[in-house]
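*Asks:* Sequence:
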Amino acid sequence: MGKDLYEQFNIARRTFTEAEEISGLPLIRLCFSGTEKELKLTEYTQPAILTVSIAALRVFESEFGLRPFCVAGHSLGEYSALVSVGALAFSDAVGVVRERGRLMQEAVPSGKGSMAVILGLETQEV
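Under our numbering, the first residue of the sequence shown carries the number 312, and numbering increases by one thereafter.
Quick caveat, the hints were computed from the structure, so don't treat them as lab data.
A quick note: this is a predicted structure, and the numbers were derived from the prediction, not measured.
Glycine included, each C-beta is placed from N, C-alpha and C at the ideal position.
Just to be clear, a hint being listed does not mean it is correct.
Only pairs whose alpha carbons sit at most 30 Å apart, straight line, appear in this in silico DSS-like list of lysine-lysine [what the hints assert, rightly or not]:
| hint | residue 1 | residue 2 |
| --- | --- | --- |
| 1 | Lys314 | Lys351 |
| 2 | Lys351 | Lys423 |
| 3 | Lys314 | Lys348 |
| 4 | Lys348 | Lys423 |
Cβ-Cβ distance ranges computed for the label pairs, FRET-style [to be verified]:
| hint | residue 1 | residue 2 | range |
| --- | --- | --- | --- |
| 5 | Ala383 | Val407 | 11 to 21 Å |
| 6 | Gly335 | Thr434 | 43 to 53 Å |
| 7 | Asp315 | Gly376 | 13 to 23 Å |
| 8 | Pro379 | Gln435 | 33 to 43 Å |
Using the sequences provided together with the hints, build the complete structure.
*Replies:* Right under this line is the structure:
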């Protein structure tokens with residue numbers, strides 16, 4: 312996840328390094344060679360996804376000179392959206408998302424709970 316960006320662009324490497332220093336997590340290893348078990352842990356997944364998202368944003372900005380003028384995000388994506396328009400510093404987002412992931416992991420231990428999708432049913436059927 313994000314390995315091509317990391318290998319091709321200095322700004323992406325700096326983004327990963329910054330996130331590792333702030334979070335204290337081995338995000339480069341987790342993103343490029345983490346085990347499935349590690350990557351399923353939300354305390355690792357959330358900072359990793361944020362980091363890759365912002366690395367991609369920074370590459371987009373530096374390579375094309377463009378900045379988003381309208382953004383939206385849902386759940387974890389809200390943090391990337393806020394960073395992308397300068398409403399939240401990346402360093403602050405990494406810290407918040409790191410803690411968010413830790414608390415979510417603590418609230419529902421690995422292997423407990425699940426998620427389901429309901430498609431093609433009317434409200435009455437659900």
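*Asks:* Which of the numbered hints are not met once you compare them with the structure shown?
*Replies:* Checked against the structure, no hint fails, so every one of them is satisfied.
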